[in-house]
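**Student:** Could you put the whole structure together from the sequences, leaning on the hints where they help?
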Amino acid sequence: MKFFSVLILFILSAIASLLISPVQCKAAPDNIEKNFSNNEGSHFTVKFDGTENAETGHIIMILLEEAYIKIGSDIGYYPADRIVAVLYSREQFSDITKFTSWVSAIYDGKIKLPVGGITRRTSLLEKVLFHEYTHALVHMLSRGRAPTWLNEGIAQYEDGTRDGVYSNILTSVAKGRMAVNISSLEGSFMAFNNSSARAAYAVSISMTEYIINEFGISAVRNILERVGNGESLNNAILNSLHMSYADLQENWIRNLKKRYTAGD
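Take the sequence shown: its letter number 74 is residue 75 in the working numbering, and every next letter is one higher.
Cut-off 25 Å, straight-line C-alpha distance, at most; resulting in silico cross-link-like pairs (DSS-like, lysine-lysine):
#1 LYS258 <-> LYS176
#2 LYS35 <-> LYS48
#3 LYS259 <-> LYS176
#4 LYS111 <-> LYS71
#5 LYS111 <-> LYS128
#6 LYS48 <-> LYS128
#7 LYS71 <-> LYS128
#8 LYS111 <-> LYS48
#9 LYS111 <-> LYS35
#10 LYS71 <-> LYS48
Hint data in this document are derived by calculation from the structure and do not stem from the laboratory.
**Tutor:** What follows is the structure, encoded as structure tokens:
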């Protein structure tokens with residue numbers, strides 16, 4: 002039960018991370034950040050408030066550099082420019098994002114984190130940072146045009162999530178008890194309730210994992226870059242996978258049926 006509570010919290014956090022725009026986060030962030038200290042590394046600038054957060058900033062920097070190496074190796078992309086990560090108190094973070102206390106991180110051009118109480122690295126902190134850093138890469142590669150299901154699918158994949166954690170949902174899809182139209186997951190998940198959001202995230206990681214297993218992770222990058230260069234999603238998929246968007250969904254569902262209904 003504790004695991005699923007953490008999972009749902011993470012899902013809701015990811016929804017916010019994807020859907021917050023720079024305009025929504027304009028509750029005077031520059032005023033808040035102007036007195037922050039900067040820790041500049043090779044690939045990141047970590048900004049934090051006060052010397053008491055210096056240790057936290059160091060932990061965040063280490064994890065982000067690990068993400069840079071690991072995810073860069075996976076996707077084959079290493080940004081040349083430094084990415085900014087800003088560490089806030091929970092109150093500052095809430096003021097800037099206007100979201101409630103369940104949000105654990107956002108990416109809106111900067112990686113933004115509430116860091117109260119972080120004194121050491123944890124698996125959940127690593128998961129959140131790897132997830133948010135992947136969103137940063139997706140945004141750069143696709144120029145902000147990635148469909149939500151692929152954006153969240155690859156971010157979950159790189160944070161270590163695999164579709165097996167959603168086996169109940171995917172079993173329902175495989176058995177036809179839950180209808181799925183992947184094109185309905187191209188836009189915002191923000192209006193979804195918790196159960197619908199969980200289903201959307203299940204489909205996102207499962208479809209993305211299927212693409213990676215069948216075609217390699219380079220195919221995901223190819224789709225993102227093609228979309229970023231102005232191709233329609235259907236054409237980007239067709240030119241990257243040599244199958245249509247509709248055929249991709251059909252083949253994915255066929256794969257789910259093999260995995261989740263084989264014993265029936």
